[in-house]
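Residues per chain are reported as follows:
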Amino acid sequence: MLAGAGQALPVVAGVAVYGTVWGTLAVQAGLSPLEVVLMSGLVFSGAAQFVAIDLWSSPLAVGTIAFATLLVGLRHVLMSASMEAVMRGIPPRRAYGALFFMVDEAWALSLRRVGQGGFTIAFYAGLCGFLYVSWLTTTLVGALLGRLVADPARYGFDVVFTAIFVVLIVGLWQGKRDLPSWAASALAAVACHHWVPGNWYIFVGGAAGMLTAILLWSEEPQPSHSQSGGGHAD
Amino acid sequence: MRIDPAALAAIAAMGIATYLTRIAGYWLARNVTLSGRVQAGLEAVPGAILIALIAPAAFATGMAESAAAAVALMVAVLRWPMLVALIASAAVAAGIRAVI
Chain A
1 MLAGAGQALP VVAGVAVYGT VWGTLAVQAG LSPLEVVLMS GLVFSGAAQF VAIDLWSSPL
61 AVGTIAFATL LVGLRHVLMS ASMEAVMRGI PPRRAYGALF FMVDEAWALS LRRVGQGGFT
121 IAFYAGLCGF LYVSWLTTTL VGALLGRLVA DPARYGFDVV FTAIFVVLIV GLWQGKRDLP
181 SWAASALAAV ACHHWVPGNW YIFVGGAAGM LTAILLWSEE PQPSHSQSGG GHAD
Chain B
1 MRIDPAALAA IAAMGIATYL TRIAGYWLAR NVTLSGRVQA GLEAVPGAIL IALIAPAAFA
61 TGMAESAAAA VALMVAVLRW PMLVALIASA AVAAGIRAVI
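Protein chains in written order, with the numbering used here: chain A, 1 to 234; chain B, 1 to 100.
Accuracy of the hints is not assured; some may be wrong.
[Unchecked claim] Computed footprint of chain B on chain A, listed as stretches where at least three residues anywhere in the stretch have a Cβ under 8 Å from a Cβ of chain B:
1. 68-80
2. 96-106
3. 127-139
[Unchecked claim] Chain B stretches covered by chain A per the calculated footprint, using a threshold of three residues with CB under 8 Å from any CB of chain A:
4. 7-17
5. 53-59
6. 62-71
Hints listed in this document are in silico derivations from the structure and should not be mistaken for laboratory results.
All values reported here derive from a predicted model rather than from experimental measurement.
Backbone N, C-alpha and C define an ideal beta-carbon position, used for all residues, glycine too.
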């Protein structure tokens, strides 16, 4: 539990800045502080919440906001598919509860922990609990105090997330065989980010990387998984 | 403090939509038998998504962002702590922006 919270610590610094900024923007868009806390607690997704306040208008287009949230969240589908292997030892009922808290950072740090050995549900709980409480607190602080961090880019805070994800990518590196799918993902994401508005590039890049791995897959004898019987040629 | 019914509906709909995306992949992976080929695809997803998250900033936004990503990469390859990568990246980005 403490290990999970400890791993979250560097990430929380970045989360805190964005929570404060989002809380400020949300109040300016017309949400009350209570609504800010409710949204942070029930949605718990920075990307979805930023998109939502961008669409927040009077009267509220509830359907549009819900649909945009669904699209922004599509990347979670790919992430939670990869969490199945991670959570294989955990009863499904608990896993369905735990996945409510699967923000990008919690997902990435969990996979890193799996790579290092020592992933437990207590680790995950500590990680998510710390992130959740930080998000709720800092979005409320932003809502109450107003313009605390007016321009995170001025202080370089905006690149913190890029740095976090770069470090996590290096941890995932397994060798040259990762290169084709990673290159496909980078190209697709940059192209999509350039031509398509919104957050589609995350999903499109992830899907491009996955498809590349699927296309390049060949049934060679793998050292770790000994396959018995006839191969499943599909 | 006020809660507007329409705002409450929007928040609830957002919560449900986000939760559905967070469990959909897990549900699919549990209930659909996957071939070796599809499994290889899923194994590529974590790296591919992380790359997609950073690629526009690292390669196509500006010098400050690219330099910050490069500094983080260097720190990570050297196996220094993550906090060092964060501070160094933020400092480099802020420095370049102050000069340009």
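Taking the hints in turn, this is what the structure says about them:
1. Under a criterion of three residues with beta carbons nearer than 8 Å to beta carbons of chain B, the stated coverage of the segment 68-80 of chain A is upheld, 10 such residues being counted.
2. Check on the segment 96-106 of chain A: 5 of its residues sit with their Cβ under 8 Å from a Cβ of chain B, so the three-residue criterion for coverage holds.
3. Proximity of the segment 127-139 of chain A to chain B, defined as three or more residues with a beta carbon under 8 Å from a beta carbon of that chain, is not established by the 0 residues found.
4. Coverage of a stretch by a chain is defined here by at least three residues with a beta carbon nearer than 8 Å to that chain's beta carbons; for the segment 7-17 of chain B and chain A the count is 11, and the condition holds.
5. For the segment 53-59 of chain B, the stated coverage by chain A is satisfied: 7 residues place a CB nearer than 8 Å to a CB of that chain, which reaches the threshold of 3.
6. Requiring three or more residues with a Cβ within less than 8 Å of a Cβ of chain A, the coverage given for the segment 62-71 of chain B holds, as 5 such residues are present.
Hint compliance for this structure: hint 3 is the single one not met.
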